[in-house]
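*Asks:* Given next are the chains, with one letter for each unit.
Protein chains: 2
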Amino acid sequence: AVSTTSGGGSEAFRQAVVNTLERRLFYIPSFKIYRGVAGLYDYGPPGCAVKSNVLAFWRQHFVLEEGMLEVDCPCVTPEVVLKASGHVDKFTDLMVKDEKTGTCYRADHLLKDHCKEKLEKDLTLPAEKAAEMKHVLAVLDDLSSEELGAKIKEYGITAPDTKNPLSDPYPFNLMFQTSIGPSGLLPGYMRPETAQGIFVNFKDLYYYNGNKLPFAAAQIGQAFRNEISPRQGLLRVREFTLAEIEHFVDPEDKAHPKFSDVASLEFLMFPREAQLGGEQARKIILGEAVSKGTVNNETLGYFIGRVYLFLAHLGIDKDRLRFRQHLPNEMAHYAADCWDAEIECSYGWIECVGIADRSAYDLRAHTDKSGVQLVAHEKFSEPREVEKLVITPSKKDLGLAFKASQKMVTEALEAMTEKEALDMKAALESKGEAEFQVCTLGKTVAINKKMVSISMVKKKEHQRVFTPSVIEPSFGIGRIIYCLFEHSFYTRPSKAEDEQLNVFRFPPLVAPIKCTVFPLVKIPKFEDVAKQIAKSLTAAGISHIIDITGTSIGKRYARTDEIGVPFAVTVDSTSTVTIHGQSTWADVMWRFPTHSVTANDDAADQN
Amino acid sequence: AVSTTSGGGSEAFRQAVVNTLERRLFYIPSFKIYRGVAGLYDYGPPGCAVKSNVLAFWRQHFVLEEGMLEVDCPCVTPEVVLKASGHVDKFTDLMVKDEKTGTCYRADHLLKDHCKEKLEKDLTLPAEKAAEMKHVLAVLDDLSSEELGAKIKEYGITAPDTKNPLSDPYPFNLMFQTSIGPSGLLPGYMRPETAQGIFVNFKDLYYYNGNKLPFAAAQIGQAFRNEISPRQGLLRVREFTLAEIEHFVDPEDKAHPKFSDVASLEFLMFPREAQLGGEQARKIILGEAVSKGTVNNETLGYFIGRVYLFLAHLGIDKDRLRFRQHLPNEMAHYAADCWDAEIECSYGWIECVGIADRSAYDLRAHTDKSGVQLVAHEKFSEPREVEKLVITPSKKDLGLAFKASQKMVTEALEAMTEKEALDMKAALESKGEAEFQVCTLGKTVAINKKMVSISMVKKKEHQRVFTPSVIEPSFGIGRIIYCLFEHSFYTRPSKAEDEQLNVFRFPPLVAPIKCTVFPLVKIPKFEDVAKQIAKSLTAAGISHIIDITGTSIGKRYARTDEIGVPFAVTVDSTSTVTIHGQSTWADVMWRFPTHSVTANDDAADQN
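Residue numbers (the numbering used here), protein chains in the order written: chain A, 1 to 607; chain B, 1001 to 1607.
Just chain A, with the same shape it has in the complex:
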C-alpha cells in the first residue's frame, strides 16, 4: 500500500518533505516571529527527539563500542588556539560586495549561478564558450581570488538584486568573532569544529589512557560558521551539531585489531582514479580496498566500515550512500588520505561525514604554538643501539675565520642534514677542506677540519618519541538527519484514494515517538486501559502519544504516519490490544494480564 514519490521531480519531492517537516514542527526557522535569520533553524519536538536518538545511537555505536574517551569542551575559544590550527588565517570564503549597497555575496556562488544559467538557458551560447563555462564549473573550488575576480569581470557579472557593479573578491573569515572578558583585549571565536578541544587535551587524554596508543577521543557539540549567504536550506546552516572522533595512532603502525569485523562489507565506493577516469561509484569489498591500497590503511578503512554501518542502521538508503575519496587538490597537503561519506538527496550528493587521515599535522601545530610537547612514547622492551649523527662546531676557530658571521655559519653547520654532514665529513677527511653554502649569508664559505667535528656516535635509546597520527571521522549530524528525512519519506493514497498522505517510515531506533496508544472505541473503560498502558510505557522510557480524541482509525494512522510513529497499540477490550507495526503493516493481537498493568511489568518491557 506504499508508493514512493520520486516521480514528481526532486524539487517537488523536496517541497513535499520540507512542508511536512515544517508543518509537523520537525524544524522551525529560528526567531520566526522576528522574520528569522538566514541559516538558523530550531528543531521542534519531533526533530529534537530524532536528534537525541541519533546522538544516543552514535554514542552506543562509537563511544561505547570502541571505548572512546568522550570530552565536552566550550564553544568559546581563545584566538591563540585557532591561530595554531590555521582557522584564523585560512578559514575563509571569497566574498564580493555590491559597490553601492554593500550587500555581500559569495564570489564562487555568483560565478556558478552565472555559468549554470548560461549553459541551461542561453541557446545562442557558442560551443567554445559553453565548453569553457563547463570547465569553470569543474575547477570552481580551485580558483584563486584573482582568477575568480577576473572571471566575474570577464563575464560582466553584477549584483543579482540591483545589477550594481561588484567589488573584487576578498577573503571573509567564517568564524563568529567575540571578545572574552570585559577588557576587550582577549579576542575569541565560536569554534568552527569540535576537534581542537580534543587536540589541546592530547597530553591528558594519553595519560588517562595509560600512556598507550592507539586510542580515540570523541566529542559531540555545537559548531559555528558565519556563512556569507546560506543556501540549500537545512544543509548549509550557521550553527550545527558536530560529532567528531580523533583516533590517535602510531604513524608506523596503522593496523586495526578489529578490521576483520568490517573487512567483508561491500558498498559503494568512489576512488580517486574512478573519478578522474570519469567512471561511476561502484560496489567494492572494504577488505580489498585496503589490501589493494585504494584506502590508505586499516584504521582509516575500519572507520569507513563503521561509518557505513552507522548510517545504514539509521535508515540511510544504501543505494544512495557512497564513500568518495578526495582528489589530490581537495586534500590538505599534510593529509595522507580522505574519504567522504556522501548521501544523495534532492540537492545532489551531500558530504555528511568526512573521514580523514590528518597525519601529525594538528598535534604538531599545537606543539609549536604552545611549547607543550604533544607526543607519544614507545618504550623499548630492551634498549636499542642507534647511530646518531653528532655535529660539533668549534666556535673559537669559526670566530677567528668569520668574525661577525660566526653565528650564522655555526647555525648552518648544526642544521645540516645527515647526508650533507656525511659528505662534508668525507671531504674534510680527503681534502682537509670543504665548500659550504650558508643561505643566511648568501654565499659559500670554506670550512676546514679544525672548525667542525662530525661523527656518528652509537647511543642506547630506551624509547621512541613521536607525534601520533590522527584519523578523524567527523559527522555533520544535521545533514545526516536531513538526508534521513528525505530517505524515509513516502506518500500513500488515503483509503478513499482522494488524497496523498505523507508518511515517514523511520527505524524504531530513530522514530521520535515510538508508539501511539488509542482505544478502539471512545468508551471510558478502554480509555482507562489506554492510560494504564501509557503509564507503563513512560516508566519504561518509551516515548508515545495517547490519542483519545475518538477520530477514525484511518485518520489516526495518517496523523501518526506523518511523524513516523512505528507502532500503534489499539485497545480492543479491557484485556486485549492489537499491536500494529508501520513497517510490516501487520496486526498482532496480544492478550495482557489486566491485574498487572503497572509501571514495572511485562506490558512495558514487551512493547
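Accuracy of the hints is not assured; some may be wrong.
As the list claims (entries may be wrong) - Chain B stretches covered by chain A per the calculated footprint, using a threshold of three residues with CB under 8 Å from any CB of chain A:
no. : segment
1   : 1099 to 1108
2   : 1124 to 1136
3   : 1166 to 1178
4   : 1395 to 1405
Treat the hints as calculated values from the structure; they're not laboratory data. Here a beta-carbon is modelled for each residue, glycine too, at the ideal position from N, C-alpha and C.
Following the hints, put chain B in place on chain A, whose structure we already have.
*Replies:* Below, chain B alone, put in the same frame as chain A:
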C-alpha cells in the same frame, strides 16, 4: 569501612575533591596548554559521562514523564530577541577599572572582600563600623551604581593587584557579542539562557499541542555569560549547560492535575517569612506549603516537588538541599513567586535550580516587540454575555475646546480605567461637566457631555483571549553536577591504613562507568571470560572497563573507587564470577552458563 572527611574544614575538603576531579579528568581547565581561560572548563571522559547520565535522566524525569515538547534552538541570537527580553539593556554587572592598568573588577566583589576582610582581621574595628559593614554585606545586591561607588570611595578601596585608584562603577553587559553574516550590520549575542528560544516559538508549540493549555516546552543547551572576573571555580563559568522548562498555564487556573503525586513530600523549605525573621530552613510538607499559600500555586508547587525528586534521585544529600523563596527585593516586579533549589557545598548554599512563576511577562514582551500575538484562546461552550465599557471621545468637540492639545486629551480619555470612566459618567450626568487630570499635559481640564460618550455595552463573546502565565524551572546542570561530586566524595583508609583513599560513591544512574571486569588471577583462560563479559556489557549499552593488568584486588578497587564505579565483576573461574557492589560492599557469587556468554544473553541483562 567508609568515613567522611568533613573534619578538615571545607577548604581542605574542596581541595581534596577538586584534586581528585582534575587528576581523574572529570574536569580539565580548557585550553590548558595555552594557560587556559578563566571560567572555561572541559568535561573529561568521566565528567562527560556523568553529564550525559544526568541529562538522560532529566529527559526521562521531566520531558518523558510530563509529555513536554522538547526543542533545540541555536545559541547565536539576533539582537532584537534579546532587546525584547530585556537582556540587552539589563543583563549587566557593575564594573570598576584600575585607572592605570585598565584591569576590570566586579564592583560588588571588591566591596564584599573589603568588608569581609575588615570584619575578620581588623581587631581595632569600632563596633559601629563593624555593624555598618555587616549591613553593607546584607544589602550588597541591592546597592545602586552610585551607592556602590560611594562606598568604594568612602572605604578607600583600590585595585587589589596594583593599589591604583579605581574608576566609578559602570554597567558591563554580560553577553558575548558577535555579528551575524558578513555585513556587520546584524548584531547578535550568544544566548544567556535557553528560554527565549521557547518563548518566540510559543505560537507554533501551542498549535502543536492542539491549541490547549497547559503544556510545557523544554530545552537543554549551552548558555553563555561573559563574567567580569569568574571566581568560585566550577560554579561560576562563562559557558554552561542549562536545562529549562517553560510550563504555560492559564493565569486563572494554576491547579495541577498531578499535584497529589507530590503533595505528601516533606523537605527543607525556607520561606520568605522565615528568612526575614532570622529563622532557619525547616522541613515542610509540600501540600501544606501550597494550601497555606506559602507557595503561590499548585503548578509551582508541583515543580518544586518534581525538582526535589530529581535531585534526590541523582544522589544530592537531602539534608543539604533546601528550597529558598525569593525575598521581594530579589524578584522581578512581574514575578508571582520564585523558589530556588539551593544545595550546600564547600562554597555555601548554591542556587542550582530556579523555579519561578514569571506570569505573562515574557510572552507579552515578545508580543509587543514582534507584533505577533502570543496568546491563548479559551472557547466557551456557549457564548457568554459580558458588559464592556465603551469610551467614545468626540474629536471634533475636543478639538474645538483644546486645539493642539486635543490628541493628548483624547488619548487620556481612552486610557481611563473602568472606575475613572464610571465616575466621570456619573459626574457628567449629574453636573454636565467633570474635572479631568491629563498627565501628559500636566494639568486638569474640564470635560463636558458633548466631548465624550461613556457607556456599558452588553456583548456576546465566544472565547476568552489571554496571555498565558509561564512557570519556569531552570536547571544549572554544571552546578548540580559539581555539588553532586562534593556530596558523593569520601575518603577511606587503605587496607594497610597508611593512606587515605579517595572514593566517589555515585548512584548507578549517575556513575560514569557502571562496572569493572577483571580476572581474579592473571591467566589467559580468565582473561578470555572477562573479555566475553565485556562484550556482553557493550552490547547491552553498559559502560565498563576491563582491567587485566594483574595488580592487586585492593589496588584495583581503589582505582575504580576514585571514579565511582559502583559494580565490579571478578572472574573467579571459567564458570563463576563474584559481583561486588560499592554501596553494599557485599560480594555475590554468581554462576553463569559459559556456553551462552554472548551479546544478547542473560549475563548482560542481569548486570
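*Asks:* Count the residues of the segment 1395 to 1405 of chain B whose Cβ falls closer than 8 Å to any Cβ of chain A, and tell me whether that reaches three.
*Replies:* violated (count 0)
*Asks:* For the segment 1099 to 1108 of chain B, do three or more residues have a beta carbon lying closer than 8 Å to a beta carbon of chain A?
*Replies:* holds (count 3)
*Asks:* Counting residues of the segment 1124 to 1136 of chain B that have a beta-carbon nearer than 8 Å to any beta-carbon of chain A, does the count reach 3?
*Replies:* Coverage by chain A is violated for the segment 1124 to 1136 of chain B (0 residues, Cβ < 8 Å).
*Asks:* Taking 8 Å as the C-beta cutoff, is the stated coverage of the segment 1166 to 1178 of chain B by chain A satisfied by three or more residues?
*Replies:* It holds, with 4 qualifying residues against the three required.
In the structure shown, a violation is registered for the earlier hints numbered 2 and 4, in ascending order.
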